[in-house]
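Visitor: Respectively, the protein sequence lines represent chains U and C. Taken in order, the first sequence gives residues 43 to 179; the numbers are from the working numbering. Taken in order, the second sequence gives residues 274 to 589; the numbers are from the working numbering.
Quick caveat, the hints were computed from the structure, so don't treat them as lab data. It cannot be assumed that every hint is accurate.
Dumping the calculated DSS-like pairs for lysine-lysine here, alpha-carbon to alpha-carbon at most 25 Å [to be verified]:
id, chain 1, residue 1, chain 2, residue 2
1, C, K285, C, K552
2, C, K511, U, K49
3, C, K311, U, K127
4, C, K511, U, K117
5, C, K473, U, K117
6, C, K511, C, K473
7, C, K511, U, K127
8, C, K311, U, K49
9, C, K307, U, K127
This structure is a prediction, so every number in the text was calculated from the model and none was measured.
What follows is the residue order along each chain.
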Amino acid sequence: MRTFSLKIIACDRVFYDGECTMLVFPGFDGEMAVMAGHEAMTSTIEIGEIRYQLPDGSWQYAVVSDGLLKVDRSKVNLLVYSAEKPEEIDAFRAEAAAARAREQLQQKQSLQEYRISQASLARAMARLRGAGKNVPR
Amino acid sequence: MANTKEIQNRIKSIQDTMKITRAMYMMSSMKLRKARQKLADTEPYFYGLQEQISEILSHFPDMEHLYFDNRIDDRAETVKKKGFIVITGDKGMAGAYNHNVIKTAQTLANEAEDRRLYLVGETGRQYFLSRKEPVDTAFHFSAHNPSMHRARVMTEYIVDLYQREELDEVYVVYTRMINSMKEEVEVQQLLPLKTHEFIKKELIENAQKGEGNYNREALDRVDDWFLIYPSPRQVLEKLVYNYVTGFLYGALVESSASEENARMMAMQSATDNAEAMLKSLSMEYNRVRQAAITQEITEVIGGAKALRKKKKKQVR
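For reference, chain U alone in the conformation it holds in the complex (with noise of 0.2 Å):
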């Protein structure tokens, strides 16, 4: 199969920088796929679990926060606050973000706060449903 040069830079580190033949990640609509060849997208990223196939075929995970996506002769760029391996994820830290979220998502707040409590909730969901834990109602 034919093979793209991918990037996946996180805003602390460049999470990935090499070859691969496919990547899936969560639009706006739903999930879409990127293969070689696709024509010149600029795009967005959702909060969710992003995945990619490498020249050997095995399938590599991981939990992104919200960012870009460009694609660009045989080029893909991926630009996104956070990128975690799913063993890297901290259950707990992301339970206890949950619950934080949650509860302010309760309190009387201004637009602002409840959009921020808000994305920190579907982070927190994001990074547990990657850790695989079930996501507690």
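We have chain U already, so just place chain C on it with the hints.
Guide: Positioned in the frame of chain U, the structure of chain C alone reads:
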């Protein structure tokens, strides 16, 4: 010439000050190591973001939008409401670090007719509040230990103001660390975003002058067709938050590394100066002490001589 007691007091006080500056040097060099690490981790993101944003924007269709500040209403405005995010340190004792940022911000603020200041860090806050500048006091953040969360909260605040059109232009004034010896105050316009038209003009101008980050390839491809999914408007909405958050985070990290670096250098030179002063003072002290001893001896000898003369007279 001062007497020995006075010189001794000065030496003592300089030694005490030196202890403080030396301790502060150690502390800031430790913090600098941490801040440097963080900076190195963030740099690919910070520069990658700027590059990617300008590339995406250069492919954006010509459209009128709030974020480009080119709607008919926006064009009719004669006075633009400008907001300045100024990143200073929380504490002083960092050489010219705070002073440089404040000076640049003050110049910019003086030029703007309708302005508002959003201050990060205590030093800048004190300065601008005491000068009765229009400071937004609800925007209250520390410059210490930058985090993504803080950048997000700041972004929500600023973008919200922008969306309500209480601000037309947003600038950030921060310090960029060029290398360990050099740092520079930088001003970057965050909002409105540059339009396709503007970037193209900029590229052509740079090409004519043959300077800047002019890039032949970039110029050729400005008009290339680019798919923007799901729609330019939706991507734009996301992009603004991403850009402002990412940039603010980067600016906070750069500034905090610069601050520690400036403090370390300031404390280093303070310690050096104290050492030089101690050296010259101890020389002076020795000289004064020697002079006092010499004088005493002269006096004793003089007295003894006088006594002997007196005795001789009596014998005669």
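Visitor: Decide, hint by hint, whether the structure agrees.
Guide: Now for the hints, and whether the structure bears them out:
1. C:K285 x C:K552: holds, 13 Å
2. C:K511 x U:K49: OK: C:K511 and U:K49 at ~20 Å, within 25 Å.
3. C:K311 x U:K127: The hint holds at about 20 Å.
4. C:K511 x U:K117: Measuring from Cα to Cα gives roughly 22 Å; hence the hint holds.
5. C:K473 x U:K117: Cα-Cα ~23 Å, so holds.
6. C:K511 x C:K473: Status holds; Cα separation ~23 Å.
7. C:K511 x U:K127: At roughly 24 Å apart (the allowed maximum being 25 Å), U:K127 and C:K511 satisfy the hint.
8. C:K311 x U:K49: The given pair, whose Cα atoms are some 20 Å apart, holds under the 25 Å limit.
9. C:K307 x U:K127: It holds: about 24 Å lies between the C-alpha atoms, which stays within 25 Å.
Consistency with the previously given hints is maintained throughout, with no hint failing.
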